[in-house]
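Q: One letter stands for each residue in the lines below.
There are 2 protein chains.
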Amino acid sequence: MSNPASPVKNPLADLVPEIDAALNAALAPQEGCPPELNEAMRYSLMSPGKRLRPALVLMAAEACGGERSEAIAAAVAIEMVHAYSLIHDDLPAMDDDDLRRGRPTCHKQFDEATAILAGDALLTAAFETLATGIPQPERAVRACEVLAKSAGRSGMVGGQTDDLLAENRNERHNLAWLEAIHRRKTGALFTCSLQLGAISVGAQESQIASLTDYARDLGLAFQIVDDLLDWEGDGDEMGKQSGKDAARGKLTFPGFIGVDASRSKASELVTAAKQHAELFRGTGQRLSQLADYVLQRSR
Amino acid sequence: MSNPASPVKNPLADLVPEIDAALNAALAPQEGCPPELNEAMRYSLMSPGKRLRPALVLMAAEACGGERSEAIAAAVAIEMVHAYSLIHDDLPAMDDDDLRRGRPTCHKQFDEATAILAGDALLTAAFETLATGIPQPERAVRACEVLAKSAGRSGMVGGQTDDLLAENRNERHNLAWLEAIHRRKTGALFTCSLQLGAISVGAQESQIASLTDYARDLGLAFQIVDDLLDWEGDGDEMGKQSGKDAARGKLTFPGFIGVDASRSKASELVTAAKQHAELFRGTGQRLSQLADYVLQRSR
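If you're matching them up, the sequences are chains A and B in order.
With the UniProt record's numbering applied, the first sequence has no gaps in its numbers, which climb one by one up to 299 at the end.
With the UniProt record's numbering applied, the second sequence has no gaps in its numbers, which climb one by one up to 299 at the end.
Don't take each hint at face value.
For identical chains, the list gives no copy identity; a pair is met inside one copy or between any two copies.
To be verified - Straight-line distance between alpha carbons at most 20 Å, and here's what the computed SDA-like set of lysine to any residue pairs gives:
| no. | residue 1 | residue 2 |
| --- | --- | --- |
| 1 | Lys-108 | Asn-168 |
| 2 | Lys-265 | Gln-296 |
| 3 | Lys-108 | Leu-165 |
| 4 | Lys-108 | Arg-169 |
| 5 | Lys-274 | Gln-296 |
| 6 | Lys-108 | Met-94 |
Honestly, the hints are just simulated from the structure, not real lab data.
Pulled out of the complex, with its shape left as it was, chain A reads as follows (with noise of 0.2 Å):
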């Protein structure tokens, strides 16, 4: 048995080099491309961050015995709409955020136009990227159907829309309903990155859907960990106002279930996340090391 007050080794951080270097090549100028737009693009797609996702999909590829140079399309893909998210919902008129990890959020940096647009052409580069980054076209087919479904109208702009109006409306809820939010909201990039990188490695079924049980355990428990540290104001690891989710009445899991509760919850998730990750023994090592590091981010 692990001690849980040794510290797991970030497994993300030897990724991160390789991954950043693919987000900044992705963005190198082109003809046609206004400068100030790709500036506004690499300012939020650079920004400073773990690169959990993009990491999820090189990860996920090497899980399925493929290389991760396989994936790193599929990587920055997903980085592309993480960022495009953020974006999009700092705005005004969305959750009216003045920061993001200490610096200025994009419509703040810019203005209100030039981020609106940034977030589109963000969104439209991943797919860009998908298409002509994988070179098997039934890979790269799939890769954009599973992208378009997880980040579209019945995944994570499902879930922003649905939890803006509950926001809006000061409805009640219950925990289901909060689960369901954050299936889409959260949940459903994140099963996107595990899928995209088993996807641009050419993985089995029955490897895609081990990835999708890993994804959804886990995609949970950092949900709840990102409520518990915003629940209790660690401002420093959060990077942006501490407490807001809770001061405008945004549901979060603590609120709900209570800290006590938030934390068992997301042991039991982690817990059931790396028994998934357990199926693919050796090559599966980093998505159970990452899942014990999600957890210790809330102790």
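Add chain B to chain A, keeping to what the hints say.
A: Only chain B this time, still in chain A's reference frame:
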């Protein structure tokens, strides 16, 4: 020689019912998609319109000897991208329009957050439609690539960005610069429409090249005619506040080179477009009729 006074039959009219049926089916309710979001997407996608871009997709498919049914997914996808671009362009931070074709714009009918999300979801759905609706993986992935490049940072979004930047800065530009804006802002989706139709039916590269030439000329002619209609304040035809482009100092062809020279230029471009359409002989007849029809709108 055709008599300029005799009205040209609208070659789009008999395609509209099959396009509208496909658009309607594409946004059927879906589990996980909030009804409010779906309603906003439908409001914009199904708003009355000429369906010019999807019709171009179907006409290109026919010109290349294919069936319209093979290209209907691409027709839906391009109209989704067009609808998303109108929603985002109309936002207060962008062109700030309250009306489009006599109806409230999406953010007036719903709210700003819903409009941003509906646009995002339509853009995403366009790629899902291509990936799932074109059965041959090679064609589907190429369609995704072409759509992304046409709609993205060096295409439509890039053109919109430059247009807004010029407006904000009150910059003086030359005609070549105005054409470069339109080539991306309007022309990119025109070209994409014809290319997608051709790709959907597995056309030859030489056919795609001819359609690209046709699109370039017709797209610019269409934009000049649009500018002329706005300039002359034909409110009924445009269904939006007449002369508004001119009032806010937006760059237009008649503003640059005058009404007569704009009319001549549109006429020359239509003649050139028809020559490209004639390379397809009988199957290109609709494309030829369309060119005449576009010019007729300006008379």
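Q: Are the hints correct? Go through all of them and say.
A: Against the structure, the hints come out as follows:
1. For the identical chains of this complex, Lys-108 and Asn-168 are inter-copy neighbours only, at 17 Å across copies versus 23 Å inside a copy, given an alpha-carbon limit of 20 Å.
2. Within a single copy, Lys-265 and Gln-296 get their C-alpha atoms as close as 14 Å, which meets the 20 Å cut-off; across copies the closest is 67 Å, which misses it.
3. Within a single copy, Lys-108 and Leu-165 get their C-alpha atoms only as close as 24 Å, which misses the 20 Å cut-off; across copies the closest is 17 Å, which meets it.
4. Taking the closest pair of Cα atoms, Lys-108 and Arg-169 come within 20 Å of each other only across two copies (19 Å); inside a single copy the shortest separation is 27 Å, beyond that limit.
5. Taking the shortest alpha-carbon separations for Lys-274 and Gln-296, only the intra-copy value of 14 Å comes in at or below 20 Å, while the best inter-copy value is 67 Å.
6. When the C-alpha separation of Lys-108 and Met-94 is checked against a cutoff of 20 Å, the pair qualifies both within a copy, at 14 Å, and between copies, at 15 Å.
Violated hints for the displayed structure: none, as all numbered hints are satisfied.
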